[in-house]
Amino acid sequence: MTATPSTTALLVMVHGSPRPVANEDMFRVVDDLRARPDAQARFPIVEVGFMECNEPTIPEAIDRCVRSGATRVVAVPYFLHTGTHVCDDLPTLLEEAQARHPDVEFLLGDYIGLSPRLTDLLAARAHAAAR
Amino acid sequence: MDALILFSHGSVLCGAGEAVDAHAERLRARGDFARVEVGYLNYSEPRFLDAVATVAQAGATRVVVAPYFLVAGYFVQVDLPRCLAEARERYPDIEFVVADALRRDAGLADALLDAAQRARPAEHWRDPLARATASCGARPECPLYATPACPRVPSPPLDGRVPATVNAE
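If you're matching them up, the sequences are chains A and B in order.
Be aware that the first sequence starts at 1, since it is given in my numbering, and climbs by one per residue.
Be aware that the second sequence starts at 1, since it is given in my numbering, and climbs by one per residue.
None of these hints come from the bench; they were simulated from the model.
Virtual Cβ for every residue (Gly too), placed ideally from N, Cα, C.
Be a bit skeptical, because a hint or two may be false.
[Claimed, not checked] Sample of chain A residues at the chain B side, in silico, Cβ under 8 Å:
#1 A22
#2 M51
#3 C53
#4 H81
#5 T82
#6 G83
#7 T84
#8 L93
#9 L94
#10 Q98
#11 L114
#12 R117
#13 L122
#14 A124
#15 A128
Using the sequences plus the hints, can you model the full thing?
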């Protein structure tokens, strides 16, 4: 056991798009999250990494987290569905990152589609349309 | 009677609907809409127009369509209006209203923090794959079909024999 305090980074793993405008809403969501005291307390570091099309790539974003002093990286797929990216590609990228950074603890959260918070948002969207 | 249809893209992967199905189930439990269905654009069943038929038969007079999409891109801006035009033609007495895609909302940051709460070490990173195979439909178009991960159709044996259990369901 060491006395080194742990610093946890949140890594938002995003699909990416050939139309960069498609990422604007996601960037705003992440900016909103960075501004929240409850998020800052848990995640002093927040980085976005893309699977395809856009930069930084997920490995680049992970390296940024480590350079910023992260001792633990919590990765969350910004995906709505199970698919081959969620099932296989993202775990593989994390396994490669773990091999590159053996002293960093890597954890993988649920993809956001599994969160009941999105049920709340769907209900809010539906009610706003029905008014 | 108000019905809600979650408009979703659909996937060739068996089990890809686990998240949207869970949202639909929670929305049914909330009871705000008399019927809640999922309707897919591609690949998965039921397709959007079949979901409309279901709620129409149940007596819906108004259908709220909520896109289960992060981005209001081509599928939401082009494909959904095309599907809706057909639905309106088939059911002229039903009112259809369309909700905004998920896009930007504090709820998405909530979902990120909530999903991070269930962060797990490496031995669980492929749990979604295990859950996907649990709903295996033995569909040849599934990317897991006849791979070692496929529980119902064995991958071709090393001697190259075609497995006897292969069938196009």
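Taking the hints in turn, this is what the structure says about them:
{"no.": "1", "hint": "A22", "in the structure": "5 Å, holds"}
{"no.": "2", "hint": "M51", "in the structure": "14 Å, violated"}
{"no.": "3", "hint": "C53", "in the structure": "13 Å, violated"}
{"no.": "4", "hint": "H81", "in the structure": "5 Å, holds"}
{"no.": "5", "hint": "T82", "in the structure": "5 Å, holds"}
{"no.": "6", "hint": "G83", "in the structure": "6 Å, holds"}
{"no.": "7", "hint": "T84", "in the structure": "5 Å, holds"}
{"no.": "8", "hint": "L93", "in the structure": "10 Å, violated"}
{"no.": "9", "hint": "L94", "in the structure": "6 Å, holds"}
{"no.": "10", "hint": "Q98", "in the structure": "7 Å, holds"}
{"no.": "11", "hint": "L114", "in the structure": "5 Å, holds"}
{"no.": "12", "hint": "R117", "in the structure": "4 Å, holds"}
{"no.": "13", "hint": "L122", "in the structure": "5 Å, holds"}
{"no.": "14", "hint": "A124", "in the structure": "7 Å, holds"}
{"no.": "15", "hint": "A128", "in the structure": "7 Å, holds"}
Violated hints for the displayed structure, listed by number in ascending order: 2, 3 and 8.
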